[in-house]
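Asker: Chain by chain, the residues run as shown.
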Amino acid sequence: MSGHSPEEIKKHVKTYIMVFGALIFLTIVTVGISYIHLPVEQAVLLALTVATIKASLVSLFFMHLSNEKKIIYGTLGLTGIFFVFLMSITLYL
Amino acid sequence: MSHDSHGHGGHGHGNPLADAMEHYSHLSFWRKYVFSTDHKVIGIQYAVTAMCFLLVGFGLMLLMRWQLAFPGEPLPVIGKLLGEALFPGGVMSPEMYNQLGAMHGTIMIFMGVVPLSVGGFGNYLLPIQVGAHDMAFPKLNMMSYWVYFCGGIVMMLSFLMPGGAAASGWTSYPPLSVIASNAQSWWLVGMVFLITSSLLGSVNTIVTAIQLRVKGLNFFRFPVLVWAQLITAFLLLLAFPPLEAAGVLQLMDRVAGTSFFLPSGLVVSGEQLHVSGGGNPLLWQHLFWFLAHPEVYVLILPAVGIVAEILCTNTRKPLYGYKTLVYSMIFLGFTSFIVWAHHMFMTGMGTTLSSFFQATTMIISIPSVIILTTFLLTLYGASIRYTVPMLFAVAFLPMFAIGGLTGLPLGLTASDIALHDTYYVIGHFHYVVAPGTLFALMAGVYHWYPKVTGRMFNQTLGKIHFWGSIIAINGIFMPMFFMGLAGVSRRLYDQTTYAHGKVAQPLNVVMSYAAWSLAIMQLPFLYNLIVSLWKGEKVAAENPWGGTTLEWATPTPPPHVNFPATPEVFREPYQYNSARQIMPQFSKEN
Amino acid sequence: MSALIPYIDEPHPVTGVTNGKFGTWLFLASEVMLFGALFSTYIILRTGSTSWPHGYEVLNIPMGTVNTVILITSSVTMVLAWASLKMNQFGKFKLFLGTTILLSCVFLVIKYFEYAAKFQHEHYPWSSTYFAIYFTMTGLHGIHIIGGIVVNGYLWGPGSKMWKANPEQFAGRVECAGLYWHFVDLVWIFLFPVLYLL
Amino acid sequence: MTQNPYSLGWLPINISTHGADIDRLIFVVHIFMLALFVGWGVYLIYCLINFRERAGHESDLHVKHFKLPTYIEGAILLIEVCLLVFVSSPIWGRVKNEFPPEKDALVVRVVAEQFAWNIHYPGKDGKFGKTTSEKMDGTNPVGIDRDDPDAKDDIITINQFHIPVNKPVIVRLVSKDVIHDFSIPVMRVKQDIIPGIEIPIHFEANQTGEFEIACAQLCGLGHYRMRGSFVVETPEAFAAWMADQEKEQLGGGDATAAQPAEGSQPAAANAQAPAAADTAKPTDGQTAPADAGAKKEGNQP
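Residue numbers (the working numbering), protein chains in the order written: chain F, 2 to 94; chain C, 2 to 591; chain D, 3 to 200; chain L, 448 to 748.
Hints listed in this document are in silico derivations from the structure and should not be mistaken for laboratory results.
On a predicted model such as this, the values are computed, not experimentally measured, just so you know.
Don't take each hint at face value.
To be verified - Capping the alpha-carbon separation at 30 Å, the derived lysine-lysine pairs in DSSO-like fashion look like this:
1. F/K71 x F/K11
2. L/K571 x C/K324
3. D/K163 x D/K120
4. F/K12 x D/K94
Produce the complete structure using the sequences and hints provided.
Answerer: So this is what it looks like as structure tokens:
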């Protein structure tokens, strides 16, 4: 959000295109890995790592989280904590 | 603050606030009072609808109390009217009893108390108390009311379904709820509506409180009610979605034949259940209580906020420990997310897990004690003016204390073995919600009535209402503890089937008479509310009670934009000068 | 009305965000919890089951991959649409947002063929817990896609009139719609490996 | 039975070996609650009267800082933690986890259904016969496979749960349909029964008598009448009762045709039955004749 002058936006556009390339590449990687039929634990670990990287790219660049205001980080941090509490249900069942 | 002049394209001249009022006054009746975007109108819509639902929910309980006190005896007059299907020979059937029980809980919590405290008081007071001219998203606000209204209608219509309304308790535990009659699907659809409405409302509340507060109103100058609403909104925002997801999953189980909550090999009434199986009934309980425990604090926090406002106004001294109170509420809200499984101690939980949830439950009792202590100490050295709202607010304190204290033996796993799922639990949470939260809401209704309507209510009727209610309500809920200790399970259509139930049966008769008396004691309240609209003494003063927060800066009743000129805040709430006169937040003089 | 509510088109001096953006993020926070509950359901059902099919045995991976690429592309065109507005290029904005809408429709069409193929093979929600979670999660995601199409369609069509009256506010709206759209993409990024590849 | 086991004012009598600890905890917690409530109450009433608005009285604006409340809050937390760590959790561990060895105990399966308790005794061989949900129907409530050699001597009763006194009992809880809750108030026993999971519990009775099992979790229309008879008898009386059951259920030699014992009808049949049908008290004589003697013996000191 810091720079919204047309010049800076142009720079942003370049980043967007690069991120797009990375996302497509990672999609191909994750599909490729799935054809190897790794043991379940390794497959889960790999697939989730790739998905997390992709998700971070989308949120950092497309959703501008790389450079956001404190209030947004605060909200998401709180959500993150409660999300962990929510996922902890999986440990009990 | 000069921001008011921004984003104002059309009218180039004049005061934008005056323009807005002018524009609003030309709107049609429908846009003004029905599909209004004014937060005050929406707040009143919420409050009135919620109070109607509260009456409905209370009415269901009055019917149930007949069966409980006099099991198997025909209900006089009403039994015949309600039809042979559900009242064969005028006697309430077990089907009907379970429907009334499930719907009483659902209506009271999701359609009554929360919409009144969050939708009603939150919508009406929060924007004014932060000095805003409206909520941040007025159209969204209107939408959340109408979504809530639709949810309410769906719930009420479910009574007309063949086989009646949902009958699996307000907790809707599967597999019972999955194999239940069609109305359960209506219940789920209704819940999805109500949840959606709450989510939209909480987004609006948070943005309004944080973005629209006026100049000078930093966070530690917020009135306690604003803090309470803000924390509540966060709880709703983050705790409700898991229940929405669970509701969708249960709906899938019922409608699409999936088995999210159904394990393999179920045999119902001697027949194999033809489902794929593989689901987990406890999953529902986890997702449900992940919402429903924070929901308890959704019920109690706005009540705490209202009581704080009224205590501070009527003790004529500052609140004791404002920051402590605020931090306690934040801590309470946060911790409420990690105690949910104490509702599930009896589901076969191991020692480690139960110890963890026991510990968090004990920890969460401390901020509640601190809140109570703050209020009690505020009374010390006061000059207490016993207005009707003050009576209710004071009564909240011991009632909330009983509710909180009786949570203790339930939160300790060992004593919970004896008390779990008995009347003790019912007594416990009703003390928190009925003479606790509802008394605070009644106090709020009386306290802000002159501001909202411009008329004063009748004090004598108000006092009759108070004294009658406090006696009757204790007559209902106090015996429940003894019933629970005697070991009587909850949700029994006729407890005399059991020997231990038969011994405790006389208590049921006492409770029923108390419940019906409580109903009679609400008549002066309703009469007072309605008739005072016309007959009440006119209130011309902006600040009839001597409050210190921003709503008392508005004209009575507040106009469309609340404040003819955008106000400014100069100090903390609840301040008094050396001459013992109030120093309102909005007044510049010292 | 807008005169009464500040920070619709300019950020709040303290928080630094507009009302709309803050509201959108709060909404997304609740969405995180919604899908979080569904993902934990998935984990619980899978770890508790005796047999769980590999996604690649029962689902069509090429179709899923194409859909992933489509959704990622629509996400990038969405952010480019916003960037075009910021660079004052309304024509490009229309082009990019139009592409986003078109791609989301293509996504749904492919989804329809996938569903149809499943039904043909007699895979229904009630067939197994795997298909129950597959249809529920992709269905709910599909509803989110439809919601996105409606919002983006409005901003592309009638809503774009605001560009003339108040470009700042309009760009803000597109940004919020974008945040939502990226979130929908983000959910799919997790759904795809979880349901198709593992 | 001379003394009514149930009271209006406090807990029912306790006849289990573990229950006394629970009762003591409940008592202590209530004293603690009462002390706090009375303390707050006295202070509140003092404030309400002493600081009321009246001529010549003005509010005291001098903000005092009270230390005592902080100490009280600290004390409350301390007491709660002590109750949790030293009382509640150890009891819970003992009651729910520390199982007696199976060879010393009577092991029983309880199969809950809408709205009856099916009690499945392993019989003389101490082994449960195979049960499957496919075999469950109106005449075979637990779905026992009588072709299984272990099943030949299994005893199944409906709503009749007999145990010997002073002997550990392990109960494996299963549900056929919905969630039930196996509750025996006098035993301080309560456990949800989750369909799809077998949950074991254990307890030991130290007094004979005739009591009842209640369902504590809403399980449908008949939740209120899901009452089982719970009889604690001397080992001799228990053996005699068991022998009677064997004669009745297995006596004909044709084990596969054996019918479950007396008690209420299977659920489906009496779903609409009027409430009065089974409102019998435990002493109403709805039970087997064998335990009449046990009752008398149980009351001897």
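Asker: Any hints this thing doesn't respect? Which numbers, in order?
Answerer: The structure breaks hints 2, 3; every other hint is satisfied.
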